[in-house]
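Asker: Here is what each chain is made of, one letter per residue.
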Amino acid sequence: MEAKSDVDLLKRAWRNEKAAPEILHFEAGLVQRAREQIQLLEETLDEFTENRSDDLVVSLYQMDLDRALFLLRSYLRIRLQKIENYLVHISKTNLWNRLSEQEQRFAKRCIEIMEKHLEQSVLSRLPYGYQSMLKQSISSDEDDMVPEPQLDTFVFCKTKSDVGAFQLDDTGEEIVDLVADDLYVLRYKSIRGLVDGGRIDLV
Amino acid sequence: MLYNTHLCFLLLLRKIEDANLDIQTTRNEDHFGAVIHHLSLARNKRCLMSYMYNRAEIIQSLRWKIGPVLPLEIQEKLNYSEEEYYKNHSTAIEAYMSQLDLDLTVDMVPPKDPYIRVKVLDDIGEVCLGDHTISLTPQSLHFIKRVDAEPFILQGLMEEFLE
Chain H
1 MEAKSDVDLL
11 KRAWRNEKAA
21 PEILHFEAGL
31 VQRAREQIQL
41 LEETLDEFTE
51 NRSDDLVVSL
61 YQMDLDRALF
71 LLRSYLRIRL
81 QKIENYLVHI
91 SKTNLWNRLS
101 EQEQRFAKRC
111 IEIMEKHLEQ
121 SVLSRLPYGY
131 QSMLKQSISS
141 DEDDMVPEPQ
151 LDTFVFCKTK
161 SDVGAFQLDD
171 TGEEIVDLVA
181 DDLYVLRYKS
191 IRGLVDGGRI
201 DLV
Chain U
1 MLYNTHLCFL
11 LLLRKIEDAN
21 LDIQTTRNED
31 HFGAVIHHLS
41 LARNKRCLMS
51 YMYNRAEIIQ
61 SLRWKIGPVL
71 PLEIQEKLNY
81 SEEEYYKNHS
91 TAIEAYMSQL
101 DLDLTVDMVP
111 PKDPYIRVKV
121 LDDIGEVCLG
131 DHTISLTPQS
141 LHFIKRVDAE
151 PFILQGLMEE
161 FLE
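Quick mapping for you: the protein sequence lines, in order, are chains H and U.
Reminder that position 55 of the first sequence reads as 55 in the UniProt record's numbering, one-by-one numbering, no gaps.
Reminder that position 47 of the second sequence reads as 47 in the UniProt record's numbering, one-by-one numbering, no gaps.
Keep in mind that the hints were calculated from the coordinates and are not lab data.
Bear in mind the structure is a predicted one, so any value in this text is a computation, not a measurement.
Heads up, the beta-carbon is just placed ideally off N, CA and C, and yes, glycines get one too.
Hints should not be assumed to be uniformly reliable.
[To be verified] Incomplete in silico selection of chain H near chain U, CB under 8 Å: (1) F70; (2) Q102; (3) H117; (4) S121.
[Stated by the list, open to error] Pairwise CB distance ranges (calculated): (5) U/K77 to H/K18: 27 to 33 Å; (6) H/E174 to U/K119: 52 to 58 Å; (7) H/F48 to U/D101: 19 to 25 Å; (8) H/D54 to U/P110: 24 to 30 Å; (9) H/V203 to U/Q155: 30 to 36 Å; (10) H/L9 to U/L72: 40 to 46 Å; (11) H/V203 to U/E84: 39 to 45 Å; (12) U/K119 to H/I138: 56 to 62 Å; (13) H/E119 to U/K77: 20 to 26 Å; (14) H/S161 to U/D123: 57 to 63 Å.
[Stated by the list, open to error] Dumping the calculated DMTMM-like pairs for lysine to aspartate or glutamate here, alpha-carbon to alpha-carbon at most 20 Å: (15) H/K116 to U/E159; (16) H/K108 to U/E82; (17) U/K112 to H/D55; (18) U/K112 to H/D66; (19) U/K145 to H/E50; (20) U/K145 to H/D162; (21) U/K87 to H/E50.
Chain H with its partners taken away, still in its complex shape (with noise of 0.2 Å):
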C-alpha cells in the first residue's frame, strides 16, 4: 500500500487541499514529477499516433493523461481560489510561507490589485482615520477587518496508521482514539497538526 505513485499522491494532496478549508503546504517536489510524467506521457502519446498504433491504446493513454492533467490543474486551481479569498489573512500569517514561489507572486499582485480597487471605489472617500483597509478605524487594535477561513468547520477524514488516544479539544474533555483506515467525522481545528504532519487524509 506504501508504495504509492506519483499519480496517487497527487491524487492525496488534492483531495486535501480540496477538504480543507484553509491553504495546505505547497507540495513542490510532487507538482515537478506530475509534470515530467505528463511530459513524458504526451511524448509516448506522440509516437503512438505517429505510428499508427491501435486506437484504443491511444486513447487508453489519451484517458491517463488527461486524468492526470486534470488533478493537476484543479489542484492548482483550488490552491489559486484559496489564496484570492483569504488573500490578506495569508499574507499576514505563516501561512504565507506554505506557498510556492510563483503562488506568492500572483497574491502579491492581487493584494495590490484589491487594494487598489478597494481605495479608489471606497476608502478614499472616507474621513481621515476610516481609510485603511485593515482596520475598520485607527482606534482598533486588531487588524478587524480581514476575511479567514472558518477553521471550525467539519471535515471528513481518514487516518492513515494508528494515532492512538487523540485530544479534539484545549480542555482534555473530548478524546478519541483514532484507528488505522478508519473514517471520522472531526473539526478540521482539532485534526489541523496531524493534516499538516501527514498523518491523517482528508476525503
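With chain H fixed as given, assemble chain U onto it according to the hints.
Answerer: Then chain U, alone, in the frame of chain H:
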C-alpha cells in the same frame, strides 16, 4: 470646515480613550455623540466594504467561469473601478499560468472520456484541431477532443450534445 469638525471629533475620541472613561458612568453629551458618530461611521464602512468586496469576489470568479473577455451584459453592470479590477486580476492569473506554462482555465470538470460529442451553436468557421481542420457550422454535430471543445463551450459557441 468638514475636515475641522472631523478633527474635533477625533480629538474627542482620543480624549475618551486616554482617560479610559466608561461611557456608561460618565454621562457627557459630547462623549455620547462622539461614540455614536464613530460607531455609525464604522458600520457604514463595514457595509460599503463588504458590498464592494463581495462584488469583487463574484467578479474574480467570472474569470474562471467565462474567460478573459466579459460579455457586454455583464460589463454594463460593473463600474469603472470594477472593470479595471477584473482586467488586472485576469492579467495576474495569466501571469501565473504563463510562469507555469499551463492553462488552468480548461479541464474544469473531471474527465470521463477524452472525446465528447458537441453541437455547434454559432458559426465558428474553419478551426485547426491537432493535425486536421474541421469546419464548425451552426447546428452541426462533432466528435472532438474535450480539451479542444472546452474553450468554445465556455464562450457559448458550442454545447455538449447529450442524447
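Asker: Each hint needs a verdict: does it hold in this structure or not?
Answerer: Outcome of the hint check:
| no. | hint | result |
| --- | --- | --- |
| 1 | F70 | 5 Å, holds |
| 2 | Q102 | 5 Å, holds |
| 3 | H117 | 4 Å, holds |
| 4 | S121 | 4 Å, holds |
| 5 | U/K77 to H/K18: 27 to 33 Å | 31 Å, holds |
| 6 | H/E174 to U/K119: 52 to 58 Å | 55 Å, holds |
| 7 | H/F48 to U/D101: 19 to 25 Å | 23 Å, holds |
| 8 | H/D54 to U/P110: 24 to 30 Å | 26 Å, holds |
| 9 | H/V203 to U/Q155: 30 to 36 Å | 35 Å, holds |
| 10 | H/L9 to U/L72: 40 to 46 Å | 45 Å, holds |
| 11 | H/V203 to U/E84: 39 to 45 Å | 41 Å, holds |
| 12 | U/K119 to H/I138: 56 to 62 Å | 59 Å, holds |
| 13 | H/E119 to U/K77: 20 to 26 Å | 21 Å, holds |
| 14 | H/S161 to U/D123: 57 to 63 Å | 59 Å, holds |
| 15 | H/K116 to U/E159 | 38 Å, violated |
| 16 | H/K108 to U/E82 | 19 Å, holds |
| 17 | U/K112 to H/D55 | 17 Å, holds |
| 18 | U/K112 to H/D66 | 9 Å, holds |
| 19 | U/K145 to H/E50 | 18 Å, holds |
| 20 | U/K145 to H/D162 | 45 Å, violated |
| 21 | U/K87 to H/E50 | 41 Å, violated |
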